[in-house]
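The primary structure of each chain is shown beneath.
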Amino acid sequence: MEILGYKKDYQLFNGVDLNKKTKFITPQKNNQSKAKVKQNLNDLFSEIELKDGMTLSFHHHLRNGDYVLNFVMQEIARRKVKDITIFASSLFPIHAPLVPLIENGVVTSIYAAFISGPVASAISEGKLQKCVIMHTHGGRARLVESGDVTIDIAFIASPTCDKLGNITGTIGKSACGSLGYAVTDALYAKTTVALTDNLVTNLDSYEIDKKYIDYIISVDSIGDSKGIVSGTTQITKNPLGLKIARLTTEIIKHSGYFKNGFSFQTGAGGISLAVSYYLKQLMLEEDIKGSFASGGITGYLVDMLENDLFEKLYDVQCFDLEAVRSIHENRNHLAISASKYANINDDCIVNDLDFVILGATEIDLDFNVNVTTTSTGEIMGGSGGHSDTAAGANVTIVVSQLFNARIPVIKDKVICKTTPGETIDILVTERGIAINPLRKDLYERLKETNLPIKSIAELKAISDNLIGVPEEIKFADKIIGVVEYRDGSVIDFLYKKSK
Amino acid sequence: MSNLRRSILFIPGNNPGMLQNADVFDADSVIFDLEDSVSLDEKDSARLLVKEVLDTINFNCEIIVRINPFDTPFYEDDVNLIKNSNANLILLPKASCESVLDLTKRLEATKINIMVLIETAMGVEQVFAILSSSERCKGLMIGGEDLCVDLNCPRTKAGNEIFYARSRLVNCAKALNKFVIDTPFTDTNDEKGLIVDTKFAKSLGFIGKASINPRQIYFINEVFSPTALEIKHAKRIIAAKESALKQGLGVFALDGKMVDLPIIKRAESLLETSRKLGLIKE
Amino acid sequence: MKLLRPSKAGTYESNDIYLMLFPGSSGNKLELESVVYETYGKQIKNVIFTTLEAIGVNNVLVKAIDKGALDFTIKARLKTALKRGGIDV
Chain A
229 MEILGYKKDY QLFNGVDLNK KTKFITPQKN NQSKAKVKQN LNDLFSEIEL
279 KDGMTLSFHH HLRNGDYVLN FVMQEIARRK VKDITIFASS LFPIHAPLVP
329 LIENGVVTSI YAAFISGPVA SAISEGKLQK CVIMHTHGGR ARLVESGDVT
379 IDIAFIASPT CDKLGNITGT IGKSACGSLG YAVTDALYAK TTVALTDNLV
429 TNLDSYEIDK KYIDYIISVD SIGDSKGIVS GTTQITKNPL GLKIARLTTE
479 IIKHSGYFKN GFSFQTGAGG ISLAVSYYLK QLMLEEDIKG SFASGGITGY
529 LVDMLENDLF EKLYDVQCFD LEAVRSIHEN RNHLAISASK YANINDDCIV
579 NDLDFVILGA TEIDLDFNVN VTTTSTGEIM GGSGGHSDTA AGANVTIVVS
629 QLFNARIPVI KDKVICKTTP GETIDILVTE RGIAINPLRK DLYERLKETN
679 LPIKSIAELK AISDNLIGVP EEIKFADKII GVVEYRDGSV IDFLYKKSK
Chain B
8 MSNLRRSILF IPGNNPGMLQ NADVFDADSV IFDLEDSVSL DEKDSARLLV
58 KEVLDTINFN CEIIVRINPF DTPFYEDDVN LIKNSNANLI LLPKASCESV
108 LDLTKRLEAT KINIMVLIET AMGVEQVFAI LSSSERCKGL MIGGEDLCVD
158 LNCPRTKAGN EIFYARSRLV NCAKALNKFV IDTPFTDTND EKGLIVDTKF
208 AKSLGFIGKA SINPRQIYFI NEVFSPTALE IKHAKRIIAA KESALKQGLG
258 VFALDGKMVD LPIIKRAESL LETSRKLGLI KE
Chain C
504 MKLLRPSKAG TYESNDIYLM LFPGSSGNKL ELESVVYETY GKQIKNVIFT
554 TLEAIGVNNV LVKAIDKGAL DFTIKARLKT ALKRGGIDV
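Residue numbers (the numbering used here), protein chains in the order written: chain A, 229 to 727; chain B, 8 to 289; chain C, 504 to 592.
One or more hints might be untrue.
No more than 30 Å apart at the CA atoms, straight line, and that leaves these computed lysine-lysine pairs for DSSO-like [said to hold, decoys possible]:
1. B:112 with C:566
2. B:288 with A:675
3. B:145 with B:118
I should point out that these hints are in silico values taken from the structure, not numbers from a laboratory.
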């Protein structure tokens with residue numbers, strides 16, 4: 229089946245192979261120019277040629293506070309360039325101004341690991357002329373270095389940049405911490421442009437080296453600090469979430485992997501934060517110290533680093549102000565690139581993980597997880613690091629309420645398969661936990677505890693009995709996008725809903 | 008259902024989200040509340056909602072319904088609807104001999120038992136009579152907040168003001184072989200205070216504690232569950248008893264202390280509780 | 504049975520449903536908004552109409568704003584509103 233705007237020789241997903249390597253191009257850039265600073269975009273575009281059909285890349289470290297993508301795309305649209313592919317690590321509600329550009333054909337294709345807000349709705353409505361490619365964080369690095377995607381121009385929002393092109397995210401009024409998702413873009417793009425609101429003379433420590441940067445543009449503001457990082461995020465007060473977090477911590481304790489030197493990753497959702505909170509208590513009680521925590525970093529993990537509960541934090545994205553402060557101050561809080569984090573071709577951190585705690589919009593009886601669409605089939609999210617960490621970690625735990633406001637999590641079949649069930653080990657809900665039958669070892673250890681172990685079918689029966697079975701969502705035949713697994717194979721297709 | 012009442016969780020009777028999840032918080036019993044947590048103009052909807060949820064969902068814990076007091080216009084409607092449900096107990100607030108007798112009569116043809124809430128100075132003084140006034144009356148809970156209003160004294164975390172009432176209620180309940188539950192600890196952000204207060208209640212003889220927040224249940228259950236050390240000790244007592252029996256000894260000592268029948272009984276009941284809670288796997 | 508006056512019951516909280524009832528003229532009618540319309544819309548309609556029929560109500564307009572209420576809540580809220588409208592349930 230041919231998909232407009234996607235490679236013709238794509239492979240369908242055919243099982244998880246951790247050792248699968250794909251092609252690799254070594255980066256060659258070495259720009260030592262001392263005259264990289266341009267006055268403005270106008271100045272820049274008089275030097276580099278814009279053409280229809282180009283691929284432009286952006287990173288999402290400024291999250292829902294990012295001004296750079298909208299700023300650049302407005303200028304692109306003004307110059308009547310068409311058929312652009314946006315290669316963004318993620319898109320947020322703040323990127324709503326892309327919608328009219330999608331509607332008038334300036335943007336015809338989008339790559340991203342996560343999309344939420346009006347752009348996601350526009351894509352779900354079938355407005356992209358070509359298609360959307362939803363990849364993973366690790367998969368994005370692989371796409372670029374394998375040559376599957378060639379970035380014509382990378383626009384790098386840079387909280388601080390020196391006049392030679394060295395970039396750091398840890399200081400400046402728009403500080404966001406790690407720039408992990410931008411590194412690959414800088415290394416491989418044909419042309420790399422740094423946009424900064426804090427141009428300094430000289431930086432001694434930086435995350436991205438000047439040799440990869442071709443141009444620098446100073447702007448008033450690259451983002452809204454309120455949307456970039458949050459203040460201290462609170463753990464959930466929802467008693468159901470707390471119960472799930474408690475059960476999860478109990479599983480960690482008895483899993484056989486909870487010992488000195490263990491490693492851990494969790495997200496910034498309410499339940500995930502609560503797991504960090506309980507895990508800290510457990511580590512103190514049992515006198516266990518971990519080697520590292522990784523991924524998106526929050527103040528809770530910083531607190532554990534500062535209390536010597538973890539030796540290191542490997543940070544691909546700072547979620548709050550505490551994380552930004554720590555990455556600037558603490559030598560053991562290290563920024564890592566998306567490739568080092570999760571790329572199947574790299575010696576990546578996720579392969580060293582013992583535990584990862586993940587969410588799910590839907591999970592089916594084979595443990596396949598959907599985090600790409602809503603339970604009614606609209607794009608809302610994406611893998612991010614979900615399938616990367618699930619594949620790498622020794623124990624992958626999905627946490628979710630069994631149902632909330634009559635929306636169940638367990639389905640006979642997920643609307644979109646984001647992460648394959650063979651990489652999901654345990655589902656934890658407030659009404660019981662289900663262990664993937666592939667993990668007999670975990671079952672053997674956990675059955676000795678008082679944990680409420682049930683089969684996933686039993687949990688589904690409880691849910692169906694309480695809330696009823698939902699009607700099936702109907703889709704039209706039109707494919708609007710593909711979901712790429714981390715190895716580049718197509719694990720699922722995205723469809724437009726039928727009227 | 009384990010017959011234990013270590014923790015009893017209040018659930019507001021007009022909150023469907025809480026009601027449908029009532030049995031997931033690991034409380035041994037839950038109280039669907041039609042009284043204080045329901046505003047006057049929603050009494051009718053809470054009553055119907057509680058009845059409907061009881062008719063629909065098979066909860067895996069004991070269900071208690073707190074109705075409105077005898078002297079309110081809601082009492083009769085509450086009883087008439089709830090007596091035809093599968094609630095296990097009705098919790099009668101501001102209980103007196105008169106109200107217990109009335110409720111007993113109304114529950115005649117049902118399987119529903121009564122638990123009384125003692126929360127007035129008069130109730131504390133009359134508790135023996137109240138508990139003995141009905142076979143259906145199986146236990147009591149002390150209500151510290153309302154009692155302090157009646158006593159006209161501040162309710163403190165230390166709880167000295169309700170010490171007399173707590174002691175008297177425990178004594179009367181034990182004398183009549185009824186269960187006795189402690190009042191909630193209302194600062195839901197103070198875990199340490201909760202644990203101290205719960206341990207104190209246990210030390211007085213309460214068999215469990217009520218709670219107004221699901222987050223407290225874990226801690227209350229912990230306090231009222233046998234510890235590993237207690238289980239070990241109880242097992243040694245039983246082993247010593249068995250070997251004494253074999254040797255034909257009537258009385259025997261363990262660690263230099265005489266072991267008599269009450270100690271053996273206590274050890275047996277602790278082990279039984281532990282088995283119910285899955286703390287001993289056999 | 505006839506609804507004597509307009510009535511309402513329920514809340515806009517998650518897991519609840521807000522119902523407004525009006526005396527009607529030609530059979531029972533329902534205007535439904537729901538956060539789970541696509542997946543449970545038919546089920547919700549079915550519960551409302553069956554409950555009305557069982558009570559013997561046949562001329563009422565129901566306006567419902569659903570926030571993911573389960574069937575027991577829908578039934579209880581409907582009975583409350585009917586009662587408030589003067590119908591014995």
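Comparing the hints with the structure gives:
Simply put, residue 112 (chain B) and residue 566 (chain C) have alpha-carbon atoms about 42 Å apart, too far for the 30 Å limit, and the pair is violated. Between residue 288 (chain B) and residue 675 (chain A) the CA atoms are separated by roughly 11 Å; this keeps the pair inside 30 Å, and the hint holds. With a C-alpha separation of about 12 Å, the suggested pair residue 145 (chain B) and residue 118 (chain B) falls inside the 30 Å cut-off, and the hint holds.
Consistency with the previously given hints fails for number 1 only.
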